[in-house]
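Trainee: Numbering of the sequence shown is given in numbering that gives the first Met the number 0, commencing with residue 0 and proceeding in unit increments.
To be clear, the hints were calculated from the coordinates, so they are not data collected in a lab. Predicted model, so just to flag it, every value in this text is computed and none were measured. One or more of the hints may lead you astray.
Cut-off 30 Å, straight-line C-alpha distance, at most; resulting in silico cross-link-like pairs (DSBU-like, lysine-lysine) [to be verified]:
id : residue 1 : residue 2
1  : K28       : K128
2  : K202      : K229
3  : K131      : K205
4  : K52       : K250
Cβ-Cβ distance ranges computed for the label pairs, FRET-style [unchecked claim]:
id : residue 1 : residue 2 : range
5  : K128      : R186      : 18 to 24 Å
6  : P159      : S209      : 18 to 24 Å
7  : R170      : M0        : 36 to 42 Å
8  : D25       : W99       : 17 to 23 Å
9  : E249      : F158      : 25 to 31 Å
10 : S209      : F158      : 18 to 24 Å
11 : G23       : R170      : 27 to 33 Å
12 : G75       : S200      : 34 to 40 Å
13 : G248      : A211      : 32 to 38 Å
14 : K233      : E198      : 16 to 22 Å
15 : R255      : A90       : 19 to 25 Å
Glycine residues also receive a C-beta, built at the ideal position from the N, C-alpha and C atoms.
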Amino acid sequence: MATYAVGDIQGCYKQLRKLLKMVGFDPAKDRLWCAGDMVNRGPDSLETLRYLKSLGDAAICVLGNHDLHLLELAAGGEPYRRDTLKQVIEAPDCGELIDWLRSQPLLHHNKKLGWCMVHAGLHPDWTLKKAKKRAAAIELELQGPGWREFSRQLHHVKFPIKEPAKHDPTRLLFAAAVLTRTRYCSRDGYFNWDVRTGESSNKKDKPWYSHAGLAWAGDCSVVYGHWAAKGLVKNQPHVLGLDTGCVWGEKLTLARLRKGGRMEIVAQVG
Numbered sequence: 000m001a002t003y004a005v006g007d008i009q010g011c012y013k014q015l016r017k018l019l020k021m022v023g024f025d026p027a028k029d030r031l032w033c034a035g036d037m038v039n040r041g042p043d044s045l046e047t048l049r050y051l052k053s054l055g056d057a058a059i060c061v062l063g064n065h066d067l068h069l070l071e072l073a074a075g076g077e078p079y080r081r082d083t084l085k086q087v088i089e090a091p092d093c094g095e096l097i098d099w100l101r102s103q104p105l106l107h108h109n110k111k112l113g114w115c116m117v118h119a120g121l122h123p124d125w126t127l128k129k130a131k132k133r134a135a136a137i138e139l140e141l142q143g144p145g146w147r148e149f150s151r152q153l154h155h156v157k158f159p160i161k162e163p164a165k166h167d168p169t170r171l172l173f174a175a176a177v178l179t180r181t182r183y184c185s186r187d188g189y190f191n192w193d194v195r196t197g198e199s200s201n202k203k204d205k206p207w208y209s210h211a212g213l214a215w216a217g218d219c220s221v222v223y224g225h226w227a228a229k230g231l232v233k234n235q236p237h238v239l240g241l242d243t244g245c246v247w248g249e250k251l252t253l254a255r256l257r258k259g260g261r262m263e264i265v266a267q268v269g
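I would like the entire structure built from these sequences, with the hints used as guidance.
Mentor: Here's what the structure looks like:
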């Protein structure tokens with residue numbers, strides 16, 4: 000059995016199928032980890048969701064910010080100008096796909112392999128145990144009867160730049176932002192939500208995985224997506240960044256994950 004991980008698909012269905020064909024992916028015995036942002040901006044979000052859903056237990060998909068935006072649209076939210084999600088919302092099986100999407104995790108960990116997967120990143124002071132707890136609380140909201148209101152909140156609040164106190168109502172929204180939107184933060188836990196491309200001008204900011212003394216680093220290695228501007232990140236300790244910008248005309252990347260945090264890049268298609 001092989002465990003593969005793919006970066007942000009974003010509706011690039013044809014490239015995904017080509018990648019999997021290149022490595023002889025067999026859903027009867029192999030596993031595919033998808034690092035979030037399965038949909039949006041690309042041409043085939045509907046077919047991408049249908050295919051991943053059809054894989055059943057062979058596909059493990061964490062939610063990214065674009066996936067959460069699709070949930071917001073399904074909850075009655077307004078589309079963004081560059082969205083390509085209309086085909087999903089108008090599909091006859093939209094309800095089934097949305098229910099499937101809501102059931103996906105924000106964090107996945109395989110202790111045997113020593114790998115953890117999130118879409119964007121982790122807080123420098125979160126142990127793996129704490130990160131799992133934060134993710135589980137968000138998943139409970141998305142899978143519960145109040146998921147529509149929660150999905151709308153995720154897109155209509157100003158995220159705190161530092162983790163709020165335990166009983167603060169924005170604490171869960173902050174955790175969702177960390178898991179699905181993180182790029183830069185300071186070692187003392189201040190997050191910069193404004194920088195999307197280029198470098199941060201704040202001297203204390205570093206990529207979330209670059210700080211010393213990361214609390215989660217002794218627990219696992221992390222595979223993530225989200226940061227196309229950084230491209231393939233494979234030479235940093237403890238992390239593997241797989242958003243290589245397929246939807247922007249670059250490549251979709253597939254890695255094979257191995258025990259002990261080891262991996263190899265096995266295929267790329269443009």
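Trainee: Does each hint hold? Answer for all of them.
Mentor: We went through each hint and held it up to the structure:
1. K28 x K128: holds, 29 Å
2. K202 x K229: holds, 18 Å
3. K131 x K205: holds, 23 Å
4. K52 x K250: holds, 23 Å
5. K128 x R186: 18 to 24 Å: Check passed, 20 Å falls within 18 to 24 Å.
6. P159 x S209: 18 to 24 Å: holds, 22 Å
7. R170 x M0: 36 to 42 Å: With Cβ atoms ~38 Å apart, the hint holds.
8. D25 x W99: 17 to 23 Å: For D25 and W99 the Cβ distance comes to about 22 Å; the hint holds.
9. E249 x F158: 25 to 31 Å: holds, 28 Å
10. S209 x F158: 18 to 24 Å: Since the Cβ atoms of S209 and F158 sit about 21 Å apart, the hinted range of 18 to 24 Å holds.
11. G23 x R170: 27 to 33 Å: Violated - the Cβ-Cβ distance for G23 and R170, about 44 Å, lies outside 27 to 33 Å.
12. G75 x S200: 34 to 40 Å: holds, 37 Å
13. G248 x A211: 32 to 38 Å: holds, 36 Å
14. K233 x E198: 16 to 22 Å: holds, 20 Å
15. R255 x A90: 19 to 25 Å: violated, 32 Å
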